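Asks: Listed below are the residues making up each chain.
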Amino acid sequence: MSSSSPSFHAAEAIPLANVPELRMPEFRDAVVSSVNGGASLSALLGRQRDGRYLELLAVLANAATGRLSIVRTTADGAYPCLTLDCPQAHWFEREIAEQWGAIPEGHPWLKPIRFHALHRNGVVAEAPAPGVTNFFSMRGEEVHEVAVGPVHAGIIEPGHFRFQCHGERVFHLEIALGYQHRGVERALASGPDKRTIHLAETLCGDTTVGHTTAYCEALEALSDTQVPPAGQVLRGVALELERMANHCGDLGALAGDVGYLPSAAYFGRIRGDFLNLTAMLCGSRFGRGMIRPGGVGFGLARDRTAEFLKRLKDAFRDLSDAAVQLWDRPSVQARFEDTGPVSREDCIALGLVGPAARACGIERDVRRDFPSGIFRSVQIPVSKWDSGDVFARAWVRWLEIQRSETFVREQIASLPGGSELERPGPLRPNHLAVAMVEGWRGEICHVAITDSQGSFAHYKVVDPSFHNWMGLALAMRGQQISDFPLCNKSFNLSYCGHDL
Amino acid sequence: MSSLIFTRIRQGKRTIPFPEVEPALPERFRGIPEIDSSLCVSGCSACAEVCPTDAISHGAAVKLDLGRCLFCPECAIACPQQAIHPGNDYRMAANRREDLILTGAETPKLARRMADELYRVLGRSLKLRQVSAGGCNACEADVNVLNTVVFDLGRFGIQFVASPRHADGLLITGPVTRNMLAALEKTHDAVPDPKVVIAVGACAISGGPFRGHPETVGPADRILPVDLFVPGCPPHPVTILDGLLRLVGRIRDSA
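Top line first, the protein sequences correspond to chains H and S.
The first sequence begins at 1 in the working numbering and counts up one residue at a time.
The second sequence begins at 1001 in the working numbering and counts up one residue at a time.
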């Protein structure tokens, strides 16, 4: 890493002028050497400066030091791609090419990821037809192709999957997304205004708390706002309830996909108990209205904590009971084990995040590595497993649910008094802040840059699914195509969070 | 094996007795906002100014468009007269878009049973194909939850099916992105006649927080004829279930 680049913490604002402007070869060296040294590429974004040239900006997160560093350069027209030296950049470079027309030369699969018009110069160019691209194909006897989607068989978001198969065996899965592209990131950048917080809440609806917390932390960093202790605790509680609800739902769906219906039914129901605990806090099962700039929109009165804890205890008792049935059933374990494995090496090279990475034995968790809010003072142990298969992804979820339950129980039992919200003031002009949150799917990274008026000049959202979709494609290699639903559910990635 | 039986006994029966018994909703549930226009101070439009989707407008009385409303707390917080409170009424599904626009203390004209001819064919067995067209997965999740043992949608003869060719209608969520337009139209074409279309959530009804985005081409009723509108961001599962049961005539009056 270049010694001239500043290192700073997540949720800390720095003057934009302090971010070094490197020449392209130095920028590439900085990114590649940093990633080779163990840092992860949390964001790589393009933005138009002064209405003219394209700036590339890389956010590198070093878990060993708990610090972030940022470098930037200019790239007009074409530049030598990073992906060949740093595979973590592969999806980001496709995104930048699609948004701004900068060509990463040598990129092994430069195709659209969202199928939208160029952002550049405000010109709305003709948008490409969704899902129309040069898909990989295989030739040979008895080779065949299976195309699925965008409309899938269940109540699930749209995406298109192409499998290259030989008999039942999948050689490659190619994933084409973008059907949920609704311009939410572009609209965020015109804020902050009265709609911005609601866009943050709907970046990815099942991760409302995670994304809204990231948005608020960026805003608070840029406005020097201190969230009161009660606000910090309740944010952490809401985040862990979101994790428990979603992990619980995923375990039920995994049980359903291997045809083990008792657990599918129990987990599906108990997921609702956790959502209803979130609704007890703020009226919404998804935490809408809960996370607000400066704290939380709703407190929990002292005389309500006993009921909250009782409901948590009941839900967790039912969940533990149902979990025993899942883990003790050899017919279930036989389907989970060795299905959809991802190697540790591939996981590191691609920069997978969240439970998918921890299931490959990688100890990587924003709550520990780049803590903000309550996680600066309270640690939740990192859960991991080494086998990289469906079992590992399921088991890590179960470990995490148990640790989240302990956290929520202890935090609610000792809930601090006082205000829950400190209203933020105006944003510092020409500053940059990076917010990192460990959502239930993994690392959420928001990058906010302000202009000379203290409005957003740029806003970048990186949902964990952005890193992880390629992990699903790798997990399917050499697998039976009939195991796709099971593998897919073991990742349970977001379409809308990716498509933005 | 015996432990499985004990677990089954411990987990018990969890299906709610809706619609015979009113559902238990969270204390802080935000249903239809209750607005007392008589408390309004002349010239004040604090609620309209903070509304993220311009669902509120001021005339002689306050006008509220439930199809745009995100059921967020902002208007109630902003009102200096405390004239707006989140109500606890979860029933708000309507047959016509205009029935969701409320003036003063008006309540929505709740959905009625589908037309006789449709009811004869679909009333006792309604198979739906869900299409998410730019939804954020909150509406989708709370539609999906109707399949759990808590709501047990199947007991009403309503079921979500995998293929549009097996379906009697579509349930649409999301603001309808440009990228989903063709897939939505093709899916609708594949559903045999007669068919119904249900729009669930603020996005499908009005674009929601994404209203006006050039990446969207909705809302749903701009593309397809809609028979049932279910407001919310997302709607509570019982709001969706209430709407579906009204459409098939299992809940009849609006009382």
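Note that these hints are calculated values from the structure, not bench results.
For clarity, every value in this text was computed on a predicted model and none was experimentally measured.
Careful: at least some of the hints might be erroneous.
Stated by the list, open to error - Residues of chain S clear of chain H, computed beta-carbon distances all greater than 12 Å:
#	residue
1	1184
2	1212
3	1227
Claimed, not checked - Below, a list of computed lysine to any residue pairs in the SDA-like style, where the Cα atoms sit at most 20 Å apart:
#	chain 1	residue 1	chain 2	residue 2
4	S	1013	H	153
5	S	1186	H	85
6	S	1186	H	132
7	H	194	S	1155
8	H	111	H	153
9	H	194	S	1186
Where a beta carbon is used, it is the ideal one built from N, C-alpha and C, also for glycine.
Asks: Tell me, which hint numbers fail for this structure?
Replies: Violated hints (numbers, rising): 1, 2, 4, 5, 7, 8, 9; every other hint is consistent with the structure.
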